[in-house]
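Put chain E on the given structure of chain G with help from the hints.
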Amino acid sequence: EVQLVESGGGLVQPGGSLRLSCAASGFTFSRYWIHWVRQAPGKGLVWVSHIDGDGSRTDYADSVKGRFTISRDNAKNTLYLQMNSLRAEDTAVYYCARAGYRGPSFDYWGQGTLVSVSS
Amino acid sequence: QSALTQPASVSGSPGQSITISCTGTSTDVGGYNFVSWYQQHPGKAPKLMIYEVSNRPSGVSNRFSGSKSGNTASLTISGLQAEDEADYYCISYTGSSTPNVFGTGTKVTVL
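Just so you know, the protein sequences line up as chains G and E, in that order. The numbering of the first sequence is the numbering used here, which starts it at 1 and goes up by one. The numbering of the second sequence is the numbering used here, which starts it at 120 and goes up by one.
Treat the hints as calculated values from the structure; they're not laboratory data. Where a beta carbon is used, it is the ideal one built from N, C-alpha and C, also for glycine. Fair warning: there could be bad hints in the mix.
To be verified - Derived coverage of chain G by chain E (criterion: at least 3 residues anywhere in the stretch with Cβ under 8 Å from a Cβ of chain E; other residues may be distant): (1) 9-18; (2) 50-58; (3) 107-113.
To be verified - Reference excerpt, derived from the structure (chain E facing chain G, CB under 10 Å, subset only): (4) Y208; (5) G222; (6) V229.
Excised from the complex, chain G in its bound form (with noise of 0.2 Å):
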């Protein structure tokens, strides 16, 4: 069975970091372009960044290029986002997804985890 578990959500001061895990299994990970959505509460789902297979394509959504980096360990299973210089506006759910088609057809996602930015 497919699973994509996030973690490492939390509540971080304004300015601060936070570094998003998630763990892959059920199906052979580095073969997957994997990306990170997050949704705000109570509004709509903004893509955010990808990832190929191998960890040599990484994209972002111009809200978080130079602040969040995108990553991967194919021998963990484990798909990371280090968040970096956090604004109150990054305040969401992020969610990973798999990637199953081409393009951003995302067949797998995980449960989500709640990253507050807030003094």
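Showing chain E alone in chain G's frame:
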């Protein structure tokens, strides 16, 4: 990269068909056949309903169908059921510095 435009809400009676539009530009929806649709119930993770404009993943009801014309993609739900009441989001590949962009989201209400 601006969000794709969806109607804020769409409603229909049980058994009816409804269509949700997703309007972008020639650099996203109109330029690529990489449009997906997601259903999200309150407090739950999104669920993939349509990928690559018109393909249904295994297990998704054939009451859901997708299409595209020009810069607008559409999701049609036929035979509307109470369980279809949820938020729906489109997303498209853009080929730009922000390679993927979601739509603004549509709340579907079953009357």
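Here is how each hint holds up against the structure:
1. 9-18: violated (count 0)
2. 50-58: Since three or more residues must qualify, the claim that chain E covers the segment 50-58 of chain G is violated, with 1 doing so at under 8 Å.
3. 107-113: With 5 residues closer than 8 Å to chain E, the segment 107-113 of chain G meets the three-residue bar; holds.
4. Y208: 5 Å, holds
5. G222: 8 Å, holds
6. V229: At about 21 Å, which exceeds the 10 Å cut-off, the nearest Cβ of chain G leaves the hint on V229 (chain E) violated.
Taken one by one, the earlier hints fail for this structure at numbers 1, 2, 6, listed in ascending order.
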